[in-house]
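Those sequence lines, one after another, are chains P and R.
The numbering of the first sequence is the working numbering, which starts it at 84 and goes up by one.
The numbering of the second sequence is the working numbering, which starts it at 10 and goes up by one.
What the hints contain is simulated information worked out from the structure, not anything from laboratory work.
No false leads were mixed into what you were given.
BS3-like mimics (lysine-lysine), calculated; alpha carbons at most 27 angstroms apart, straight line:
1) P:K363 / R:K69
2) P:K363 / R:K77
3) P:K171 / P:K217
4) P:K363 / R:K95
5) P:K395 / P:K330
6) R:K230 / R:K16
7) R:K129 / R:K182
8) R:K107 / P:K363
9) R:K168 / R:K129
10) R:K129 / R:K190
11) R:K190 / R:K206
12) R:K275 / R:K394
These stretches of chain R come out as covered by chain P in the derived footprint (C-beta under 8 angstroms, 3 or more residues):
13) 15-28
14) 37-44
15) 83-89
16) 293-303
17) 411-417
18) 430-439
Simulated restraints on C-beta separations:
19) P:R108 / R:G227: 57 to 65 angstroms
20) R:K16 / P:K363: 38 to 46 angstroms
21) P:V422 / R:L208: 40 to 48 angstroms
22) P:D170 / R:G440: 31 to 39 angstroms
23) R:D91 / P:V422: 49 to 57 angstroms
24) P:V312 / R:E103: 27 to 35 angstroms
25) P:Y315 / R:F160: 39 to 47 angstroms
26) P:K171 / R:D137: 57 to 65 angstroms
27) P:G194 / R:D137: 50 to 58 angstroms
28) P:L177 / R:V306: 35 to 43 angstroms
29) R:G440 / P:R403: 54 to 62 angstroms
30) P:V312 / R:G440: 37 to 45 angstroms
31) P:L391 / R:V212: 36 to 44 angstroms
32) P:G406 / R:K279: 52 to 60 angstroms
Each residue gets a CB set at the ideal place from its N, CA and C atoms; glycine is no exception.
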Amino acid sequence: MKKKVTSRGYWYNVWQRFRVRRAGRLAIRSLQGFLLIAFLSPFLANERPVYAKVDGHSFFPLFQGFLVDAGLSSWNERLIPAEDWLDKTYDKVLFTFIPYSPSSIDHKNLGARGPFERQRVQSWRHWHWMGTDKAGRDVAAGMLHGALLALWVGFIAVSVALVLGLTFGGLAGYFGDTGFVLNRTTLFIYVFFLPLSLFYAAYLPGNDEDSGWFGLLINFLGLVIGPLVLAYLLAALGSRLFPNLKKITIPLDTLVMRFLEIVDAIPSIILVLALIATLKQPSITYMMAIVGIITSASLARFVRAEFLKVRKQTYMEAGRALGFDHIRLIFRHALPNAVGPLLVLLSFSVAAAITTESSLSLLGVGAADKVTWGSILGQLRGQQEIEWWLAIFPGIAIFFTVITFKSLGEGLSEALGEK
Amino acid sequence: MLRYFLKRILIMAPTLLTALVFIFALSRLVPGDLVVEQFEEELDESRLGEEELLITYQRKAARLGLDKPVFYLSIQPAAYPDTLYKIPFRSRREMLIKLLRQNGNWPALEAYFTDIGSFKRALQALPDSIQSASRSSLGQLINDLQYTTDFSVARVLAKRSSNLLQKDAVLQKAVGATNAKLNQSLKYLIAHPQKGKLLLPSVVWHGFDNQFQHTLLGYFKGDLGVSFQDGRPVSGKIGRALGWTLLLSFFALPIAYLIAIFLGVKMAVKKDSRFDKRANTVLFGLYALPSFWVLLVLLYVFSNPDWGMNFISITGMMDLDENSTWNEWLSMSTRQLVLPILCLIYPAMTVLARQMRSSMIQALNQDFVRTARAKGLPEKVVIWKHAFPNAAFPLITFLGSLLPDMVAGSILVENIFNIPGMGQLLIDSIGTQDWPVVFGIIILGALLSMVSLLLVDLAYAWLDPRVRFNQDNSMAKA
Numbered sequence: 084m085k086k087k088v089t090s091r092g093y094w095y096n097v098w099q100r101f102r103v104r105r106a107g108r109l110a111i112r113s114l115q116g117f118l119l120i121a122f123l124s125p126f127l128a129n130e131r132p133v134y135a136k137v138d139g140h141s142f143f144p145l146f147q148g149f150l151v152d153a154g155l156s157s158w159n160e161r162l163i164p165a166e167d168w169l170d171k172t173y174d175k176v177l178f179t180f181i182p183y184s185p186s187s188i189d190h191k192n193l194g195a196r197g198p199f200e201r202q203r204v205q206s207w208r209h210w211h212w213m214g215t216d217k218a219g220r221d222v223a224a225g226m227l228h229g230a231l232l233a234l235w236v237g238f239i240a241v242s243v244a245l246v247l248g249l250t251f252g253g254l255a256g257y258f259g260d261t262g263f264v265l266n267r268t269t270l271f272i273y274v275f276f277l278p279l280s281l282f283y284a285a286y287l288p289g290n291d292e293d294s295g296w297f298g299l300l301i302n303f304l305g306l307v308i309g310p311l312v313l314a315y316l317l318a319a320l321g322s323r324l325f326p327n328l329k330k331i332t333i334p335l336d337t338l339v340m341r342f343l344e345i346v347d348a349i350p351s352i353i354l355v356l357a358l359i360a361t362l363k364q365p366s367i368t369y370m371m372a373i374v375g376i377i378t379s380a381s382l383a384r385f386v387r388a389e390f391l392k393v394r395k396q397t398y399m400e401a402g403r404a405l406g407f408d409h410i411r412l413i414f415r416h417a418l419p420n421a422v423g424p425l426l427v428l429l430s431f432s433v434a435a436a437i438t439t440e441s442s443l444s445l446l447g448v449g450a451a452d453k454v455t456w457g458s459i460l461g462q463l464r465g466q467q468e469i470e471w472w473l474a475i476f477p478g479i480a481i482f483f484t485v486i487t488f489k490s491l492g493e494g495l496s497e498a499l500g501e502k
Numbered sequence: 010m011l012r013y014f015l016k017r018i019l020i021m022a023p024t025l026l027t028a029l030v031f032i033f034a035l036s037r038l039v040p041g042d043l044v045v046e047q048f049e050e051e052l053d054e055s056r057l058g059e060e061e062l063l064i065t066y067q068r069k070a071a072r073l074g075l076d077k078p079v080f081y082l083s084i085q086p087a088a089y090p091d092t093l094y095k096i097p098f099r100s101r102r103e104m105l106i107k108l109l110r111q112n113g114n115w116p117a118l119e120a121y122f123t124d125i126g127s128f129k130r131a132l133q134a135l136p137d138s139i140q141s142a143s144r145s146s147l148g149q150l151i152n153d154l155q156y157t158t159d160f161s162v163a164r165v166l167a168k169r170s171s172n173l174l175q176k177d178a179v180l181q182k183a184v185g186a187t188n189a190k191l192n193q194s195l196k197y198l199i200a201h202p203q204k205g206k207l208l209l210p211s212v213v214w215h216g217f218d219n220q221f222q223h224t225l226l227g228y229f230k231g232d233l234g235v236s237f238q239d240g241r242p243v244s245g246k247i248g249r250a251l252g253w254t255l256l257l258s259f260f261a262l263p264i265a266y267l268i269a270i271f272l273g274v275k276m277a278v279k280k281d282s283r284f285d286k287r288a289n290t291v292l293f294g295l296y297a298l299p300s301f302w303v304l305l306v307l308l309y310v311f312s313n314p315d316w317g318m319n320f321i322s323i324t325g326m327m328d329l330d331e332n333s334t335w336n337e338w339l340s341m342s343t344r345q346l347v348l349p350i351l352c353l354i355y356p357a358m359t360v361l362a363r364q365m366r367s368s369m370i371q372a373l374n375q376d377f378v379r380t381a382r383a384k385g386l387p388e389k390v391v392i393w394k395h396a397f398p399n400a401a402f403p404l405i406t407f408l409g410s411l412l413p414d415m416v417a418g419s420i421l422v423e424n425i426f427n428i429p430g431m432g433q434l435l436i437d438s439i440g441t442q443d444w445p446v447v448f449g450i451i452i453l454g455a456l457l458s459m460v461s462l463l464l465v466d467l468a469y470a471w472l473d474p475r476v477r478f479n480q481d482n483s484m485a486k487a
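All chains should be built: construct the whole structure from the sequences, respecting the hints.
Below, the structure written as structure tokens:
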């Protein structure tokens, strides 16, 4: 009898190993809970009622609210004024579990009321279960919505870091000091196009001054990538026309590593603080993009090391011998073999990004446009009396989120056979 | 060894230089007009006349060294004037550029603004006896004209001023000619745009008398500039604050290392025992626990008079003044500093202990450890004399990142416990936009981390002859 052997692939095995370990089990459970809370938060805590009946007409303000915020719809005049939803009179009304949004201000409970203190509310349904903060905002609503924001914070920072880190680390590791060879036409085209694109990015008539350096940076990236592609095509044409020009080797690895050394030289939190201070219009997204830029230095280092390892493998040699082009070698051969360790690092980076955001908010630096866990904690800075409910709840939330992503990383690295 | 040291220093120099250039570039990206922000009272537009305002601005800008071009050269459209940096007030500069971007004809624009200026002066120079509604509305009009960035609006405003003058014979006689000239130059400006020049890049050479050179030379001489806040030198301000921060790290670092080494080694020796598992869980929990939150809770618990635990005061070291005696100072600082040091210790300790454990496990599996045990050496000697020195190398590597990390970590600690160290100075300076101090601290941070990396490399070379040998060898080959 022949035993049937089915191979389900490498990642299936990793997953099997991941889910039976302790760290992996913990990560799966808490990640599920966290994602559930994050994505359901608008339906758990919202100042807009789920269902409201006014003058015999039925409305669904919670759902309509999404459309109104997007500018696709407008409130019915029966619902106006729509600011103070709780005090309106309805024929029938159904509120969410917590009838407050994170930014809605309860004017009757200003100045931080604790959950066990006397609160001025109409019924137990309006009770602030985790108290209110200094401005009279409901802490429980801020906590729930904070989960979604924490997710956003991690996502932004990590995706920025990933794009930059993969690009620079990958280039440095894949080509090394000797692999990147250009002929003179190509080099000339690049050298000519880069300053020119910088000039037009900064001075093009349509470019608005008010967008600040960050807008300029994004503009620049767009205008650099465009000319680079153009230069690449021109260079391809040039090398067809003049195939016998002298080749020049660019030490990409050294260039990237020298640059990373400089970024590493400045303690990252100080650099983040200074960069945020130079923002014209700070917002959480910009702040986290900056954190991502700084994080990308360590990511690039890591990707470089992985690629250097992969480069020496025989399958890469085989690929080169078969005449595969760089794109295929990078994306089909080198990258998939570096994904595992990269995932570990990424989940640690998410945890680090959330911690960084909270500590920045705690320091009162940067944006105060959204209620995050850190900003709730931050209200306690320089206080004579500390309101325990403003410290305990966000602290526990941050702790559990960080432990979730750290155990995700630990579990992954165990499952991948690291250590 | 000396050769290795010199080589390391040589490698460090370009990195430091580039870092300084980078920091300088960053310092010029800050938003707002530094001169206006620092001398808000002196530059009160309602109190000073136009002429006086410009002169004051230039004087103040010269005091901050901001009246010079930023860099040796600038790349800008050919339509831009090469003395753009000399125009006082960033807002006016930006407004002029906005106008220039729509038009591109700088000489005509300059003539137009000269006419606006002379019109304004002519209005101000009118004898006080001429007081009419049309005079004040004319003044308002000319102000609007000066700050509009829309040519169609400018045209309407200019026309309105002509209409006003036609009705008022006295004013017409006094400023009619200037008004006519202004209208004419505006008309000329609108009729003769040179938009092609906007798309043409040009390089302007500003010479060596620029902000970049002065600032960088200053950095090399140890001159970090003067604080915007109180006019005192930045280096002195930072030096005073640095003392506190280094004091904290000076206590925290060795303690963290000691605890981590003993804990890590014990965990590695008793690998997979109950002690190891429990310690691991606790360390993992501590590692995930955000230190700033621990700080807040500890501060809450230990400063609470209701619970009779008011060991430390929230106002912190601020209670001390220059008159307090040495004794008071000592007792106060020991009481106040225990918790902050504890809070600096534990994040470093968790990382170090986990690292120690894993490298010690590796070392204990090596052949030489088995040989040592086979020789019958006591277990203590095997662990501390044979395995530990080999497992300690990663800890040395960590030192390079831990020292700057401690300085960074002290930002939170100092802000929460109110210790007047570097971290608090940084946050305060960011809050008050005291940029010379902020960038001075960044430079110091860069220096600190570079020096600690250098120390780590030297320690490696000293402790591990292989490193030294390889380096010297490769140098000999080169």
